[in-house]
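There are 2 protein chains.
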Amino acid sequence: MDFHENPRLPEGFRCAARHCGIKASGLDLSLFASDTPAHAAALFTRNHFPGAPVLVGRERIRGRRLQAVIANSKISNVATGEGGVEDARRMGLLAARELGIPEELVLMSSTGVIGERLPMEKLERGILGLASELGDDPWPAARGIMTTDTEPKVLSVEVGGATLTAVGKGAGMIAPNMATMLVFLFTDAELPAPRLDELLRRASRKSFECLSVDSDTSTSDTVAILANGRIGPVEPEPFGSALDAICLRMSEWVARDGEGATKLLRVRVVGAADDPEGRRVARSVVDSPLVKTMVYGGDPNVGRILMAIGKCVECRIVADRVEARVQGVPVVVGGVRVPYDEARVRGLLAEDTIEIDISLGVGEGRGLGIGCDLTEGYIRENSAYASS
Amino acid sequence: MDFHENPRLPEGFRCAARHCGIKASGLDLSLFASDTPAHAAALFTRNHFPGAPVLVGRERIRGRRLQAVIANSKISNVATGEGGVEDARRMGLLAARELGIPEELVLMSSTGVIGERLPMEKLERGILGLASELGDDPWPAARGIMTTDTEPKVLSVEVGGATLTAVGKGAGMIAPNMATMLVFLFTDAELPAPRLDELLRRASRKSFECLSVDSDTSTSDTVAILANGRIGPVEPEPFGSALDAICLRMSEWVARDGEGATKLLRVRVVGAADDPEGRRVARSVVDSPLVKTMVYGGDPNVGRILMAIGKCVECRIVADRVEARVQGVPVVVGGVRVPYDEARVRGLLAEDTIEIDISLGVGEGRGLGIGCDLTEGYIRENSAYASS
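For the record, the sequence lines run as chains A and B. Take 1 as the starting number for the first sequence in the working numbering and just add one per residue. Take 1 as the starting number for the second sequence in the working numbering and just add one per residue.
FYI, nobody ran anything at the bench for these hints, they're computed from the structure. Accuracy of the hints is not assured; some may be wrong.
Restraint ranges, calculated between C-beta atoms of paired labels, are given here [stated by the list, open to error]:
1) B:G361 <-> A:R117: 15 to 25 Å
2) A:G161 <-> B:E376: 46 to 56 Å
3) A:E198 <-> B:D275: 33 to 43 Å
4) B:K122 <-> A:G334: 22 to 32 Å
5) A:G83 <-> B:E151: 45 to 55 Å
Listing some non-contacts, in silico: residues in chain B with all C-beta distances to chain A over 12 Å [claimed, not checked]:
6) R125
7) S132
8) P300
9) G363
10) D373
Here a beta-carbon is modelled for each residue, glycine too, at the ideal position from N, C-alpha and C.
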């Protein structure tokens, strides 16, 4: 899959961003809009404390159509009760009025600190006049949704004459069942909403649901796709493959830019009893603090990989069938650590993408884990990240 | 429960420790012995890659009698195949010969790096003559089993005229289903082995199984109790309470001395649908990297507590019934963050024991989580802790 070197928005989509004053400085408010209503699908966090925008978003996506996304960073509007839900609705209404569209076609997202109310006056002033600033450059709006991300994230790709673009943010509190990860996907292809929903779920299962920066699961996670049909119909299958690819690439980007991360960690499991067990083992390895610090330190410590596999006590694991490779080098055969060239493995662990391949030898199940190393940077960011 | 200010071994137990050369320096080999065979019970890790000493220990504990424990630190004898099992047996045999007792009465433990064979010549030289050094001071033997612990751990208590003593080590790779936590309990009380087993399981469920330093589960965890009966029979119930108390205190000591830890974190959940769900939620909060870094940073960030409760997607949680207190101060009522004196909470978070109390309001289930904060120290120790 060839991603554009200079990612762009699809036909009929524009966006804008402002500093409205929620952050002390920097862009903190983004608006994405289609010229016409779009078929839409969305997935939200499974956390029992979903943010107010998620609660309202779940209602709206039942209509299967969206035309705009309004998103702010720094305050997530979670655990704010009925007042928070009213704030979320009002934020959407302000964007709808600004664009002259029905409020039901606006999706809201908020990311940041939990438990604080949105500063509605600042948001109102921020949204007023924003429609007149809509343009083709996706980068400012990608910046407007950043929290502790170190860089904005936009990807785009061509498929069947249409463009598919993803704008995302991540950084921390990210684990399968999604993340304070926000990913908005836009395409000028025409696809019916049920098909969009099906393809989005499939792509998410193979990407965002494999992603874990720190095993914590945000209350605001949202992945949404808007298809405005400007280019006309496309074949679902090449489109689905493009969606799979862009979601996987975005997941890896989010992991690589995880809080404090210096390396991407990719764990592949084969030979599990079934796919759920394959995913469970991959997740255990990618989440293990001892594996993550080993990846950071760059020192091969094979025992930690075996420990992380073995602690999945509910999975069918037969110790003497387990094999493992680090950066392609066999380090465990028949459940036992085998001799390997330590200097070579240490050298391979200095690369910025680390791959651990595990074969369990008990079935046909597979699993993928996408994560990152655990560093002092994560501790610094999260012990200092103030609630106020 | 009053623990002895100067913990001591019970009647008829002695111990000794040596530097045999597995570590570059410091004690690395400990022997604990009873003058007579003792009734015994033991619990081992549920990790699918149990160490060789665990494999042999599981066999031996079926005999329900032990007379000695031989333990080394620095190499764990895990993932070493058949040869490792032979090494474990030989280590036990050497100790049995040294003590002049049957080898079936010796329990072996090894803790440290996974995937390396034990240096048997060093161990053999280390064990030779060790019996002549057996004495009453528990501290050197407690030092001999330390890995990244910062201090040796011994507790003792009187119960019904008998003494109950615990010698433990912990530090990292510690989570419920136990830990590379080794805890050896010795008593001069007389209790039948089945009763010992029952009381040990109960005590462990309320202590070691609630303990999580980093969510990783070691391949070497062992908790064993030896009762040599020198003082005669005791009532099981006050003894059971004493065992509960000493196991809980040892768990908290292990957590407080977790790798890089500066604070003990105690999470109590009530009102869960049932006890397993109560434990699941407590574990989620105590393991959450974002809660752990918040505890380290001492800044109240209530949203992280809600996030960690809410990510237990399989548990029955009704958001608007959830209440939470930090150091006794209500911070969440009806699932919503309530105003509280932030300066006061910040002050209370500076204490060295942090308590988070959660009420789920859906049932009668309870759970306890014992853990610690997550700091740069954990990262430093575990990114540098070399496999060789």
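Tested hints:
no.: 1; hint: B:G361 <-> A:R117: 15 to 25 Å; verdict: 24 Å, holds
no.: 2; hint: A:G161 <-> B:E376: 46 to 56 Å; verdict: 51 Å, holds
no.: 3; hint: A:E198 <-> B:D275: 33 to 43 Å; verdict: 40 Å, holds
no.: 4; hint: B:K122 <-> A:G334: 22 to 32 Å; verdict: 27 Å, holds
no.: 5; hint: A:G83 <-> B:E151: 45 to 55 Å; verdict: 50 Å, holds
no.: 6; hint: R125; verdict: 25 Å, holds
no.: 7; hint: S132; verdict: 35 Å, holds
no.: 8; hint: P300; verdict: 6 Å, violated
no.: 9; hint: G363; verdict: 15 Å, holds
no.: 10; hint: D373; verdict: 8 Å, violated
Comparing the model with each earlier hint shows violations of hints 8 and 10; every other hint is respected.
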